[in-house]
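Heads up: the protein sequence lines correspond to chains U and E, in order.
When the letters of the first sequence are read in order and numbered with the working numbering, they come out as residues 160 to 830.
When the letters of the second sequence are read in order and numbered with the working numbering, they come out as residues 252 to 550.
Bear in mind the hints are in silico, worked out from the structure with no lab data behind them.
Since the model is a prediction, treat every value here as computed from it, not as a measurement.
Where hints are given, some of them may not hold.
Unchecked claim - A few chain E residues that don't get close to chain U, going by computed Cβ distances all over 10 Å:
1. Ala292
2. Arg300
3. Ala501
Claimed, not checked - If we take Cβ atoms under 10 Å as the criterion, some of the chain U residues that face chain E in the derived model are:
4. Leu274
5. Phe594
6. Gly637
7. Ser699
8. Ala703
9. Ile706
10. Pro785
11. Gly804
12. Trp811
13. Leu814
Note that the Cβ used here is the ideal one computed from N, Cα and C, for glycine as well.
The primary structure of each chain is shown beneath.
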Amino acid sequence: MGERLARRFFALSCAVGLVFLFASCAELPRAPLVAAPAGPSAPVGAAPTPPLTAHADEVVDYTLTAKLDPNAHTVAGNGTLKWTNTSVVPVTELWFHLYLNAFKNQRSVYIREPLGPGRGASPVTDWGTIDVRRLFWREERAELWTKAETHRPGDDDETDARVPLPRAVKPGETITLEMTWDDKLPSIVERTGFYGRFHFVGQWFPKIARLEADGTWAHFPFHRLSEFYADFGRYDVTLDVPATYVVGATGPKTEERVEGDRRIERHVQTDVHDFAWTAWDGFRVFDETVGGVAVRLLYPAGYEKVAARELDTIRFALPHFNERYGAYPYGVLTVVHPPEGAGEAGGMEYPTLITTGGAWWVPAAARSVEAVTIHELGHEWFYGLLASNENASPFLDEGLNTFAEHEGMRAWRGDGSVWDGFGLTIDGRAIDATFADRAALVQPVGNAAPKFDSFELYGRLVYLRTGAILETLRGVYGSDAFDRAFGGYTRAYRFKHPTRENFFQSMEQGLGKDAGTNLRRAIEEKGWVDYRVLGVASHSASAAAGIFDRDGKRETVSARPVSGAGETSYDGWVLLAREGTLAFPVDVDVLFTDGTTQRMAWDAREETTRLAVKSAAPIRSVIIDPERRVLLDRDPRNNYARAAGASSYAGWAILERASYVAAGLLEVLLP
Amino acid sequence: MSAGATFETAPASLLAVHARRHPFLVVALTVTRAVLGFALAWPLVSLVRATYASHPLGDRVLFEPGALELVDFVARVLGPVAPLLESYAIALVVLAFVAECLVFGATLSTLQMAHDGPLLARARGALQQGVRFAPGLGAQWLATLARQGVVLSVGALAGGAVAHGLAARSGEPTADRIAVLAVLPFVLVTVILSVVRDVAAATRLVTEAASFSAFVGALRAVLKRPRYLLDYAWRGATGLGVTALVGLAALRLGGRPGVALFVLTIFHGVALGMRAALRVSWLAAATRRVRASAPPLGL
Chain U
160 MGERLARRFF ALSCAVGLVF LFASCAELPR APLVAAPAGP SAPVGAAPTP PLTAHADEVV
220 DYTLTAKLDP NAHTVAGNGT LKWTNTSVVP VTELWFHLYL NAFKNQRSVY IREPLGPGRG
280 ASPVTDWGTI DVRRLFWREE RAELWTKAET HRPGDDDETD ARVPLPRAVK PGETITLEMT
340 WDDKLPSIVE RTGFYGRFHF VGQWFPKIAR LEADGTWAHF PFHRLSEFYA DFGRYDVTLD
400 VPATYVVGAT GPKTEERVEG DRRIERHVQT DVHDFAWTAW DGFRVFDETV GGVAVRLLYP
460 AGYEKVAARE LDTIRFALPH FNERYGAYPY GVLTVVHPPE GAGEAGGMEY PTLITTGGAW
520 WVPAAARSVE AVTIHELGHE WFYGLLASNE NASPFLDEGL NTFAEHEGMR AWRGDGSVWD
580 GFGLTIDGRA IDATFADRAA LVQPVGNAAP KFDSFELYGR LVYLRTGAIL ETLRGVYGSD
640 AFDRAFGGYT RAYRFKHPTR ENFFQSMEQG LGKDAGTNLR RAIEEKGWVD YRVLGVASHS
700 ASAAAGIFDR DGKRETVSAR PVSGAGETSY DGWVLLAREG TLAFPVDVDV LFTDGTTQRM
760 AWDAREETTR LAVKSAAPIR SVIIDPERRV LLDRDPRNNY ARAAGASSYA GWAILERASY
820 VAAGLLEVLL P
Chain E
252 MSAGATFETA PASLLAVHAR RHPFLVVALT VTRAVLGFAL AWPLVSLVRA TYASHPLGDR
312 VLFEPGALEL VDFVARVLGP VAPLLESYAI ALVVLAFVAE CLVFGATLST LQMAHDGPLL
372 ARARGALQQG VRFAPGLGAQ WLATLARQGV VLSVGALAGG AVAHGLAARS GEPTADRIAV
432 LAVLPFVLVT VILSVVRDVA AATRLVTEAA SFSAFVGALR AVLKRPRYLL DYAWRGATGL
492 GVTALVGLAA LRLGGRPGVA LFVLTIFHGV ALGMRAALRV SWLAAATRRV RASAPPLGL
């Protein structure tokens with residue numbers, strides 16, 4: 160799902176006047192919407208290159224036909240599903256997700272959950288449904304749907320259906336189900352629906368839940384904060400739309416013909432776990448091949464510049480992610496920019512198809528268009544290829560992908576990865592570090608999606624906090640080691656369904672036990688940390704003064720500075736503390752009045768430490784973690800202190816600019 | 252002119268109604284604005300000093316690329332005290348409004364009257380005139396703000412309606428652009444209202460007309476003689492140009508301390524001074540034109 164929460168927080172927080180106060184960076188040129196060769200990707204730390212898994216295990220095989228009525232906003236569907244029991248136990252029932260029923264009435268789990276403002280909260284003005292007409296087990300010649308349980312007793316939600324079987328399906332056995340159903344698309348709401356003649360059709364067919372290896376079904380109702388979980392397989396889908404409509408869909412188009420006023424397209428894709436499509440007669444189309452992948456952009460008229468930015472993003476990010484996380488295995492990628500009123504369809508990922516967003520007038524300085532595009536592209540790995548359970552562990556897709564997004568944007572756009580204009584650059588790490596912390600102690604990052612109590616908490620923790628955790632690990636334990644561990648995880652679990660434990664173990668193997676412990680605590684136990692300077696002092700070194708009894712004689716020694724080579728030396732110390740349940744080693748910079756700096760290391764295993772400092776000049780100040788590697792540090796403003804008597808910084812730069820800007824504002828307002 | 256005025260009581264000759272003949276006014280206006288700007292900015296500066304006085308980089312850390320500290324400062328230091336800062340800003344703006352009304356009245360009366368005698372006495376006399384005219388000028392200013400607010404609101408509604416009406420047919424980008432064009436005339440009206448406001452203020456001082464009749468007279472004069480708009484426009488454009496140039500310089504200099512900061516301070520001071528001079532120049536031009544069309548009392 161689209162990452163945009165952080166940018167909203169930022170927009171609310173930064174006054175326009177502040178923007179003009181700060182230092183300059185030139186804007187980067189925008190690429191035209193013309194074909195161009197893929198640029199080289201940024202260098203990446205030596206990542207391991209074990210042989211990549213070529214294909215997923217094929218558990219499902221859908222052959223479907225869908226006919227769109229663009230006036231009634233309905234889809235008539237039918238087809239077959241071949242499903243294999245890959246568990247170790249016989250199965251006596253099947254579970255199907257009927258996601259469109261989330262928009263059927265106000266009693267659905269999706270609509271009734273009080274999660275506050277955020278994506279998906281806009282009211283449904285035209286209800287959506289999915290009505291299964293027939294579910295027929297071909298081998299047994301048995302109609303199954305008549306006995307289906309579409310909701311639980313006392314609960315009107317109809318998004319999670321149980322279908323009892325007349326006999327058990329043995330382990331390894333494949334069955335064929337014939338399906339017929341009718342969709343009524345809702346007014347555009349999160350991920351799916353219609354807006355005028357624009358149709359985005361996601362989660363639109365009876366979708367079998369995933370059966371885990373131990374024989375338990377991973378099924379759940381459609382929660383607003385939850386996404387999906389399904390088996391890999393083959394999708395062969397024939398779409399029937401008005402002849403004037405342009406279609407974007409999962410997988411390559413293998414057939415196309417026009418019959419009267421209808422156009423029929425067939426799309427076939429293996430090794431995927433979902434299929435989505437869109438149809439609109441307002442799409443403009445641009446095609447380009449990037450790194451061997453046929454990229455198709457679909458966008459509204461007038462959005463050429465935005466589409467160019469999206470294409471530019473793909474040109475950078477596709478090779479970049481290929482190198483970091485393993486090659487994108489599909490031949491096609493469709494990028495859909497919905498029309499302005501259909502923003503709820505934007506910022507979403509499906510296999511080989513992503514949706515982006517952004518108004519036509521978004522200035523180049525704001526990287527929101529690029530960020531959404533690179534985020535959704537990242538989902539082709541963190542969701543697409545690493546098909547974790549998005550309901551049970553949303554951080555595994557959204558959180559890891561937020562890290563991938565910010566890393567990619569930073570590799571591409573440097574410090575201005577979120578904003579670069581009017582003298583101000585903002586990096587995604589600043590957003591992660593600042594805005595995730597507000598929720599850090601409220602709920603664990605590792606919660607299942609339905610357990611988050613608000614959209615805001617979900618956004619701050621799953622997206623931003625996970626991003627901050629991973630950025631911290633990378634900063635503290637080294638980008639090379641981190642990239643090897645993270646890239647190793649993405650390669651090892653490609654075309655699989657990794658769990659959080661798989662992820663933790665991969666990272667611990669690559670980064671060590673301490674890092675693993677920190678990672679688990681940060682994700683599962685609301686782990687936190689705050690470094691603090693408790694004190695700093697230095698004095699002229701001198702021989703110990705006082706009265707000493709030595710060799711039977713009493714000797715009185717007076718204080719006398721210790722000099723060497725004509726210079727006085729100084730003894731000093733800094734007293735440091737670490738609070739919280741996380742312990743990352745940090746650098747400590749001690750600055751002296753002669754302008755020199757001494758860097759020291761603190762492993763931070765203990766809660767406090769006193770570091771001794773010998774120097775040629777008095778200590779002026781001290782700062783813990785000067786490069787802000789530990790983004791999880793709850794209060795970076797207590798990381799520094801100055802020695803007593805050392806001069807402080809008067810804030811002239813801010814004083815000068817702020818006064819000038821304020822005077823200018825008053826000029827505008829007043830006589 | 253009121254008998255209570257303690258400096259000159261005769262209107263100045265038209266040749267004397269020029270900003271260049273009143274450098275003191277320009278300096279006074281510049282200083283007033285700088286002081287008020289400083290006062291408005293001070294809480295922010297205090298917070299920065301309190302937060303970063305001990306940081307090895309001082310407040311320069313807020314200018315670091317990537318804005319790690321800046322975002323943290325805005326969200327976690329400024330955020331919690333935002334209501335307090337808002338209250339302070341509102342109180343300061345009210346005070347500044349009163350002060351600027353005084354300065355506005357004093358400026359207009361100084362331009363209008365002959366100016367001989369010691370500087371201090373002239374300043375005292377100008378302030379007395381400022382006190383006399385400030386309430387009326389302030390009320391006029393607020394009334395103009397209200398009128399401009401209404402015009403812009405109507406413009407926004409019209410623009411929104413145009414955008415909404417055309418979006419389905421023309422696509423959002425085209426509709427939005429046409430909507431902007433539809434709003435432009437309303438923006439132009441607000442500019443004209445600003446010109447009328449200043450001309451009305453000059454009219455009041457020249458003819459001692461009542462507020463409403465001064466406004467009506469000024470409106471007629473501005474609509475009848477486009478030179479008023481031209482006088483206002485070129486000075487406004489020059490002020491914007493100066494601001495943009497200094498802004499570019501600020502971007503180039505970044506957050507560097509030392510000489511760069513000193514140079515930037517000079518640039519900003521010059522920009523403030525030039526804008527003050529342009530303001531005084533415009534008010535002088537308006538006064539001259541009003542005088543030319545409506546001789547003041549006493550002549």
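Outcome of the hint check:
no.: 1; hint: Ala292; in the structure: violated, 4 Å
no.: 2; hint: Arg300; in the structure: violated, 4 Å
no.: 3; hint: Ala501; in the structure: violated, 7 Å
no.: 4; hint: Leu274; in the structure: violated, 23 Å
no.: 5; hint: Phe594; in the structure: holds, 7 Å
no.: 6; hint: Gly637; in the structure: violated, 19 Å
no.: 7; hint: Ser699; in the structure: violated, 22 Å
no.: 8; hint: Ala703; in the structure: violated, 31 Å
no.: 9; hint: Ile706; in the structure: violated, 39 Å
no.: 10; hint: Pro785; in the structure: holds, 7 Å
no.: 11; hint: Gly804; in the structure: violated, 13 Å
no.: 12; hint: Trp811; in the structure: holds, 6 Å
no.: 13; hint: Leu814; in the structure: holds, 5 Å
Comparing the model with each earlier hint shows violations of hints 1, 2, 3, 4, 6, 7, 8, 9 and 11; every other hint is respected.
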